[in-house]
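Student: Keeping the supplied structure of chain A fixed, place chain B upon it in accordance with the hints.
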Amino acid sequence: MREQNDYIVYVKDLTKVFGDFVAVDKINFRVEKGEIFGFLGANGAGKTTAIKMLTGLLAPTSGEAVVAGFDVRREPEKVKYNIGYMSQKFSLYDDLKVSENIRLYAGIYGLSRKEIKRKSKALLEELNMVALRDKLVGELPLGWKQKLAFAVAMIHEPAVVFLDEPTSGVDPITRRQFWEMIYKASVAGTTIFITTHYLDEAEYCTRVSIMVDGVIEALDTPKNLRLKYGADNMQEVFVLLARGEHTLQGKIKKEK
Amino acid sequence: MGTISYILQKEFLQIRRNKMIIVMIILMPIIQLIILGNAADYEMKHINLHVIDRDLSTTSRTLVSKFRASSYFSIVNSSFDAEVADRDIRNDAADLIMEIPHGLERDLMRGEQAPISLRVNAINGVKGGLANAYTTQIIQDFNGEWLSDRYPGRAVVLPVGIAWSNWFNPGMNYATFMVPGILVLLITIVGVFLSGINIVREKEMGTIEQINVTPIKKSQFIVGKLFPFLVIALVELTLGLGIGRVIFGIHYVGNVGLIYLFSIVYLIAILGLGLLVSTITETQQQAMFIAWFILMVFILMSGLFTPIESMPRWAQIITDFNPVKYFVEVMRMVLLKGSGMSDISRHFGIMALFGLVTNTLAVWNYRKRV
Numbered sequence: 011m012r013e014q015n016d017y018i019v020y021v022k023d024l025t026k027v028f029g030d031f032v033a034v035d036k037i038n039f040r041v042e043k044g045e046i047f048g049f050l051g052a053n054g055a056g057k058t059t060a061i062k063m064l065t066g067l068l069a070p071t072s073g074e075a076v077v078a079g080f081d082v083r084r085e086p087e088k089v090k091y092n093i094g095y096m097s098q099k100f101s102l103y104d105d106l107k108v109s110e111n112i113r114l115y116a117g118i119y120g121l122s123r124k125e126i127k128r129k130s131k132a133l134l135e136e137l138n139m140v141a142l143r144d145k146l147v148g149e150l151p152l153g154w155k156q157k158l159a160f161a162v163a164m165i166h167e168p169a170v171v172f173l174d175e176p177t178s179g180v181d182p183i184t185r186r187q188f189w190e191m192i193y194k195a196s197v198a199g200t201t202i203f204i205t206t207h208y209l210d211e212a213e214y215c216t217r218v219s220i221m222v223d224g225v226i227e228a229l230d231t232p233k234n235l236r237l238k239y240g241a242d243n244m245q246e247v248f249v250l251l252a253r254g255e256h257t258l259q260g261k262i263k264k265e266k
Numbered sequence: 254m255g256t257i258s259y260i261l262q263k264e265f266l267q268i269r270r271n272k273m274i275i276v277m278i279i280l281m282p283i284i285q286l287i288i289l290g291n292a293a294d295y296e297m298k299h300i301n302l303h304v305i306d307r308d309l310s311t312t313s314r315t316l317v318s319k320f321r322a323s324s325y326f327s328i329v330n331s332s333f334d335a336e337v338a339d340r341d342i343r344n345d346a347a348d349l350i351m352e353i354p355h356g357l358e359r360d361l362m363r364g365e366q367a368p369i370s371l372r373v374n375a376i377n378g379v380k381g382g383l384a385n386a387y388t389t390q391i392i393q394d395f396n397g398e399w400l401s402d403r404y405p406g407r408a409v410v411l412p413v414g415i416a417w418s419n420w421f422n423p424g425m426n427y428a429t430f431m432v433p434g435i436l437v438l439l440i441t442i443v444g445v446f447l448s449g450i451n452i453v454r455e456k457e458m459g460t461i462e463q464i465n466v467t468p469i470k471k472s473q474f475i476v477g478k479l480f481p482f483l484v485i486a487l488v489e490l491t492l493g494l495g496i497g498r499v500i501f502g503i504h505y506v507g508n509v510g511l512i513y514l515f516s517i518v519y520l521i522a523i524l525g526l527g528l529l530v531s532t533i534t535e536t537q538q539q540a541m542f543i544a545w546f547i548l549m550v551f552i553l554m555s556g557l558f559t560p561i562e563s564m565p566r567w568a569q570i571i572t573d574f575n576p577v578k579y580f581v582e583v584m585r586m587v588l589l590k591g592s593g594m595s596d597i598s599r600h601f602g603i604m605a606l607f608g609l610v611t612n613t614l615a616v617w618n619y620r621k622r623v
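Protein chains in written order, with my numbering: chain A, 11 to 266; chain B, 254 to 623.
The set of hints was computed from the structure by calculation and includes no laboratory data.
Idealized CB from N, CA, C, for every residue including glycine.
Check before you lean on any hint, since a few could be wrong.
Residues of chain B clear of chain A, computed beta-carbon distances all greater than 10 angstroms [as the list claims (entries may be wrong)]:
id, residue
1, Leu309
2, Thr312
3, Ala322
4, Val488
5, Val509
6, Thr572
7, Leu589
Below, a list of computed lysine to any residue pairs in the SDA-like style, where the Cα atoms sit at most 25 angstroms apart [what the hints assert, rightly or not]:
id, chain 1, residue 1, chain 2, residue 2
8, A, Lys99, B, Gly459
9, B, Lys456, A, Glu175
10, A, Lys129, B, Phe265
11, A, Lys99, B, Thr460
12, B, Lys272, A, Glu175
Which bits of chain B does chain A cover? Going by a derived footprint, with three or more residues having C-beta under 8 angstroms, they are [as the list claims (entries may be wrong)]:
id, region
13, 264 to 273
14, 458 to 465
This is chain B alone, in the form it adopts within the complex:
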């Protein structure tokens, strides 16, 4: 125990002397959370719409005005020519073409189906999908209203109606959704990068040589390396949770203590990974490169930016080995849904296993005999 306290003292002193780290520790959560929290928004405003209204009836105008009134769409052009509309899409002036055929009102009056055509620019898949969804919703609204106008007094029965309600995020506030996830990235970056570079730095500077001839134990050295970054990451978490509460006004439903508990298990796993990286590399450059590669895969396959459910089966299997995924899930479950220990016990188990594997490998791989 005595030896560890000297190692810890040394690590903390070195961190304190490293101005860059201190600045990053304070700035990173602020910049990442405030910018990303506001920027990462899946809601699409102002989808550019090109309207071809061949009917020019009261009904078609009502339909068009519904799109005009929606903040999701802006009507950038209207024509009677499909080619003009196609050109708009090609030039990126329009994302969506809505073509109302001649005879829409007449067909509706007769009680027949009146198909309208929609063409979406799907180069940006997310945007295309959203345009599709918003349009469907507006047209459904229109259908409902049209029926109730036409048959006043009669209860309107749509074959299948959709009533939206967003559980656990009532206002469908994206910050609420994103901030806990981004917080995970923050902690992960601190964990993998700082710990990953640390031992390698000692190798590069040559200082590890002096340490290696001392009778210090592998485990003592590793703990000395792990613990300071665990503390830093928990400070980050605290800062981040504070920013989420104060600046984004997120109401944390669940037990924040549970988040800290999970964070510690998660951090031990992820710090072990960072240490493993630093034991297999010789220079800080190599360590950075490998750490960055791992982080990219972890972050992009964490379900934070793209839903895991939409990935192919094999990719979903890969995500089962991604610790970031579990932490993002736990964050959202506990903070937004109020899940308790029993709901996330599986996550705890998997993370503990992950930590056991990474740390065992790191200690085993850190050869004191160079």
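Next up, chain A with everything else stripped away, as it sits in the complex:
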């Protein structure tokens, strides 16, 4: 048996209940270092709630979650030091310049002045945004904003980065560039935890989990999932699972 700390994300029976609504129902999974872990599910399936618990924003009702070696319940602040997060909604400051946003977050994560300078420069070069460093973020097109948000989420070199629908609303070219960034980070050893509604993107993941009504219905590599459900692509697998047509339980639920 491997220790739970060997995994970057270790989740056991994690549950969140709001009133009498079970948003996340005893989910279990483990994410290995350097993996690109696709966290799929229809709207309202409980993905965002699960991510909020993993990032220390929301206290679990029950169960266990260890992220980057720290228990989210007992040491949420230590978890926060070791993770990056990029929200569904763009959440950098529109009224700050590109360089100011980078400096702010680098500063908050405790990077030294020298490191901030070096990092900012490297980051802007990598993003091809050197010329835009003094532009207000609000003036950038969405694709650029999302790339910047990803880079900022990675500024403190976290062990794992959570990306909540990072590519929604982004044009195909930028989407590809975005995935190139993701691959690069993954190769460098950062674990990627990503949610998306673009199922072609799911094919790029090392492993994919599909959440339905607060429960993880399937978890495997894209290839194995396709084989298991006899589908040509992830799109088919997702529709099959999300509609709940593969189980008797799902059928009953649907008839209700």
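Tutor: Then chain B, alone, in the frame of chain A:
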């Protein structure tokens, strides 16, 4: 400490980029102080007087001419008919009717009392009260003069004489009285509104989500939010004190440094309140609405526009929880009366307590786990 400096840098940059705030910071004190300082005047000039003189004697004419000479009154009409006079009041043409009965001079000569009747339109309570007070003063003057004319050489002894002298505001200059108070409003508005809207804005924009996943501490974030507005409010105070000195020519008797010291304690309390508002609301609209409600109550019950002493007992108890009241008092005490630290130590204590409560609640209520 390092983290806070980055947060502060961010807040100041955002404020600097917000042109509206900068304009307001400069314009607000100028407009509020110059307009309100001149407009908020409890002295009533030209109270419209309707005279019914049934005596038509030298004495009654002297009395009427005293009213005519006073800048407080203008005689708009005179008649011999109470109904005409009543109509004037109803039409709002007159605020006050003075009726001098037939036989005033004769009665006075005989050394008897000669009652005259006054009827005041008290729809506007302040105006009615002032009309009353001014009239009493004029009639008292008249009595004194009449007695000394009648019995020359004899010292006139009125049963009880009133000698007015306005301490701490010798010229009874209303600007002197109002400007320090209005300055309090200015600072309060800056404090409650700007801080109240600030965190909510981050909630609305979604930017707080990114902040919340960082390891930043609640206290660091709150201090980062508090401090810039503290600075802005102190800039306002400085501008305001300057305007009071230069434009209104108010001579500050007390220690201005003490005012700054109190302002800081006051601002921490009031900014905490603003933050509390922003932690319990979800949108800027909600925050504005609640902040405005609180400010209305604070301002109207601060003793700035209506004396607290004239409020009913229960309302006076409410004002004990109004920080604006304490600051208005401190402003007037220190700036006009020259009160020192020992005179306002109670105010300091109460304000510190208030600040402790509001800020504790704000930090406690600002849930970083959304």
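Student: Does each hint hold? Answer for all of them.
Tutor: Structure-based check of each hint:
no.	hint	verdict
1	Leu309	holds, 77 angstroms
2	Thr312	holds, 76 angstroms
3	Ala322	holds, 63 angstroms
4	Val488	holds, 21 angstroms
5	Val509	holds, 35 angstroms
6	Thr572	holds, 40 angstroms
7	Leu589	holds, 42 angstroms
8	Lys99(A) to Gly459(B)	holds, 7 angstroms
9	Lys456(B) to Glu175(A)	holds, 19 angstroms
10	Lys129(A) to Phe265(B)	holds, 23 angstroms
11	Lys99(A) to Thr460(B)	holds, 9 angstroms
12	Lys272(B) to Glu175(A)	violated, 34 angstroms
13	264 to 273	holds (count 4)
14	458 to 465	holds (count 8)
The structure fails to meet hint 12 from the earlier list, while all remaining hints are met.
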